[in-house]
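Under full-length UniProt numbering, think of the first position of the sequence shown as 1, with each following residue one higher.
Some hints here could point you the wrong way.
As the list claims (entries may be wrong) - Here are the computed lysine to any residue pairs in the SDA-like style, where the Cα-Cα straight-line distance is at most 25 Å:
(1) 287 <-> 330
(2) 222 <-> 38
(3) 48 <-> 222
Said to hold, decoys possible - Have a look at the derived ranges for each label pair, beta carbon to beta carbon:
(4) 167 <-> 323: 21 to 31 Å
(5) 225 <-> 251: 19 to 29 Å
(6) 401 <-> 364: 36 to 46 Å
(7) 221 <-> 333: 42 to 52 Å
(8) 366 <-> 195: 24 to 34 Å
(9) 102 <-> 16: 27 to 37 Å
(10) 251 <-> 31: 13 to 23 Å
(11) 173 <-> 404: 19 to 29 Å
In short, the hints are calculated from the structure, not lab data.
We treat Cβ as the ideally placed atom computed from N, Cα and C, and that holds for glycine.
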Amino acid sequence: MSLLNNLSKSLGFYILVAMILGVLTGVMMGEGAAVFEPLGAMFISLIKMLVVPLIVFSVIGGSAGVGATSSAGKVGGLTLFFFMIMTILAVSIALLFGELFKPGVGVNLSSLSSMFSNEYADRGGTPAFFDIILGMIPTNPIKAMVEGNILQILFFCIFLGFGISMLEESKRSPLIAGLNALTEAMIWMINKVMLIAPIGVFALMAESIGTYGFETLVLIMKLVVVYLFALALFNWGIYGLVVQFFTNLSLKEFFGGIKSAQIVAFSTASSMATVPVTMDAVENKFKINKSLASFIVPLGATINMNGNAIYYALTAVFFAQFYGIELTWAHYGAIILTSTIGSIGQAGVPGPTLLVVAVLMSAGIPIEGLPILYALDRIFDMTRTAVNITGDALCAAVVEKYTQGEKSLA
């Protein structure tokens, strides 16, 4: 994995340069920067091409390895408990920051009205909790893979992995070895795709800035600052406390080890594209069992979205203040519930925008002003992705501490 580590370090510099050049190009070319859109789309398509196979091979292999231990149930339970608690904490911090700093107060409504849209007005209400649970179970696993339904793929792969773990060792070991080899092959492919990441990031930034410009950024700068402040507190404050009291790592070891993965996550805005780098940090820098890493990291990259939870809750408060709506405890309850379920169910929904709609609608907040966030979507996406993958690595470290001594039988 040393090659992967060196790649991520060198890529970090080139991608940051590409981002700066993309912003400058977007400012200079304006809407003409849309000419770069195909390059950005190609990069994103290449990443998406590898997502499903990577999940299938790594999660089946990881589940098979974890399932072959005496603490399989404890690992799964701790992982899901950690994900849920951290998501609820993330939403709570977002609501607290929204009420303390009031990012939506004082925004000139008329200056943004030209960007309003009814595009999402007929998209329906918030999905019920049991609808999400039912939607996780595939009637046809192959169809789920073809359609890229990540939650259904995860359900099937984890189930199959535990099934493999129940086989006798002579049958189980070669299957797990083969799955691990296929995972390594997928990592090699992702490494090659990441070589063109600077080009893709340049194109995405240029097209985004060229289309929307800096005007919107200036008008809602307070939201951006509060959002980044909340993410920073959660990343270094909450995560830091968990590292200090619930892992075997020091703060320096954890944040130093996860730095490369954070750079890749920030640059690509893709948790799945960052999985190989995150797994490298978890296995080689944190010295965590490979089966645990292969089980927790891909699972977390799919359903553990603390950064997204902060985004959903904070934007809900922003728009409530934007429209002069006084939020009650009932509103807060709806926002907490929908943001938590929405961040977990993110993988089954094409993009975060519809989930923001669900959160707003659950609290009775108008959604017509949602397009004003489009210009900032790249900034929001990059920063929340870096926080998301940090939580995945932290979960692996926590679970490792409380299941120490339980090694895979594979």
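Here is what the structure says about each hint:
no.	hint	verdict
1	287 <-> 330	violated, 45 Å
2	222 <-> 38	violated, 32 Å
3	48 <-> 222	violated, 33 Å
4	167 <-> 323: 21 to 31 Å	violated, 58 Å
5	225 <-> 251: 19 to 29 Å	holds, 25 Å
6	401 <-> 364: 36 to 46 Å	holds, 43 Å
7	221 <-> 333: 42 to 52 Å	violated, 30 Å
8	366 <-> 195: 24 to 34 Å	violated, 44 Å
9	102 <-> 16: 27 to 37 Å	holds, 32 Å
10	251 <-> 31: 13 to 23 Å	violated, 45 Å
11	173 <-> 404: 19 to 29 Å	holds, 23 Å
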